[in-house]
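**Student:** When you get a sec, could you build the whole thing from the sequences and use the hints?
For reference, the chains in residue letters:
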Amino acid sequence: EAQVTQNPRYLITVTGKKLTVTCSQNMNHEYMSWYRQDPGLGLRQIYYSMNVEVTDKGDVPEGYKVSRKEKRNFPLILESPSPNQTSLYFCASSLISGGASEQYFGPGTRLTVT
Amino acid sequence: EDKVVQSPLSLVVHEGDTVTLNCSYEVTNFRSLLWYKQEKKAPTFLFMLTSSGIEKKSGRLSSILDKKELSSILNITATQTGDSAIYLCAAVNYGGSQGNLIFGKGTKLSVKP
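From first to last, the protein sequence lines stand for chains A and B.
For what it's worth, our numbering labels the leading residue of the first sequence as 1, then goes sequentially.
For what it's worth, our numbering labels the leading residue of the second sequence as 1001, then goes sequentially.
Hints are supplied without guarantee of correctness; some may be wrong.
[Unchecked claim] The calculated SDA-like cross-link candidates involving lysine to any residue, where the alpha carbons are at most 25 Å apart (straight line), are:
id : chain 1 : residue 1 : chain 2 : residue 2
1  : B       : 1041      : A       : 61
2  : B       : 1037      : A       : 101
3  : B       : 1003      : A       : 27
4  : B       : 1056      : A       : 95
5  : B       : 1040      : A       : 88
6  : B       : 1105      : A       : 71
7  : B       : 1068      : A       : 102
8  : B       : 1057      : B       : 1067
9  : B       : 1037      : B       : 1066
10 : A       : 57        : B       : 1005
11 : B       : 1040      : A       : 3
12 : B       : 1040      : A       : 1
13 : B       : 1041      : A       : 27
14 : B       : 1040      : A       : 13
15 : B       : 1105      : A       : 62
16 : B       : 1037      : A       : 39
17 : B       : 1040      : A       : 80
18 : B       : 1056      : A       : 102
19 : B       : 1040      : A       : 87
20 : B       : 1041      : A       : 40
[Stated by the list, open to error] Covered stretches of chain B (in silico footprint by chain A; criterion: 3 or more residues with CB under 8 Å from a CB of chain A, positions within the stretch not fixed):
id : segment
21 : 1042-1049
22 : 1100-1113
Hints in this document: simulated from the structure, not taken from any laboratory.
Fair warning: this is a prediction, and the values are worked out from it, not measured in the lab.
Note that CB positions come from ideal geometry on N, CA and C, so glycine has one too.
**Tutor:** This is the structure:
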């Protein structure tokens, strides 16, 4: 089944403890992206990747890192999480760049930083 | 600064009504506009619009882009309770960095039986 998977689905952590949210897609998509969704602010793009080893900042990249060493994986790294990073995170992928084809979203990761 | 504005922010209708959701955008190097439906989980794709004036249709849903007015509408006819969701639109900035999507805050549609 074609899908985007994220792990973990739920995470409660403490300020400053490094964490990684994994994202993997099995559709051989070139484009992958991370979003956060907050009440009243909607979906905001954190980082995106046009292909392996090519990443770029979205609208809210501060406090996040990403890497794209393999086509299928696009982990989101929070080196020193803070409470303002408490949010619902979505990973998405598309065959080609984000606006040229349909994006498939993962199930979401609900992160709470205390 | 790029931005996408959706209106109304929320809407309550009764089954059978027709609704029109609006999306306006100010995006440099605009490439396309996407519509998504979000229920209690991840957004699911509805439409991608790149050309002005060409209606896209899927069942009771349809959408059209007006590049002159920098806007798009999503129409839902004969609404059903299953249409209750948040509808998101996103504009794509395909400039130097390529692939930057800007989402609006969404329109929350509630369809009452």
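**Student:** Determine for every hint whether it applies to the structure shown.
**Tutor:** The hints, checked one at a time:
{"no.": "1", "hint": "B:1041 with A:61", "in the structure": "23 Å, holds"}
{"no.": "2", "hint": "B:1037 with A:101", "in the structure": "16 Å, holds"}
{"no.": "3", "hint": "B:1003 with A:27", "in the structure": "30 Å, violated"}
{"no.": "4", "hint": "B:1056 with A:95", "in the structure": "20 Å, holds"}
{"no.": "5", "hint": "B:1040 with A:88", "in the structure": "12 Å, holds"}
{"no.": "6", "hint": "B:1105 with A:71", "in the structure": "30 Å, violated"}
{"no.": "7", "hint": "B:1068 with A:102", "in the structure": "24 Å, holds"}
{"no.": "8", "hint": "B:1057 with B:1067", "in the structure": "18 Å, holds"}
{"no.": "9", "hint": "B:1037 with B:1066", "in the structure": "21 Å, holds"}
{"no.": "10", "hint": "A:57 with B:1005", "in the structure": "22 Å, holds"}
{"no.": "11", "hint": "B:1040 with A:3", "in the structure": "18 Å, holds"}
{"no.": "12", "hint": "B:1040 with A:1", "in the structure": "21 Å, holds"}
{"no.": "13", "hint": "B:1041 with A:27", "in the structure": "21 Å, holds"}
{"no.": "14", "hint": "B:1040 with A:13", "in the structure": "23 Å, holds"}
{"no.": "15", "hint": "B:1105 with A:62", "in the structure": "21 Å, holds"}
{"no.": "16", "hint": "B:1037 with A:39", "in the structure": "16 Å, holds"}
{"no.": "17", "hint": "B:1040 with A:80", "in the structure": "29 Å, violated"}
{"no.": "18", "hint": "B:1056 with A:102", "in the structure": "14 Å, holds"}
{"no.": "19", "hint": "B:1040 with A:87", "in the structure": "15 Å, holds"}
{"no.": "20", "hint": "B:1041 with A:40", "in the structure": "17 Å, holds"}
{"no.": "21", "hint": "1042-1049", "in the structure": "holds (count 5)"}
{"no.": "22", "hint": "1100-1113", "in the structure": "holds (count 7)"}
The structure shown violates the earlier hints numbered 3, 6 and 17.
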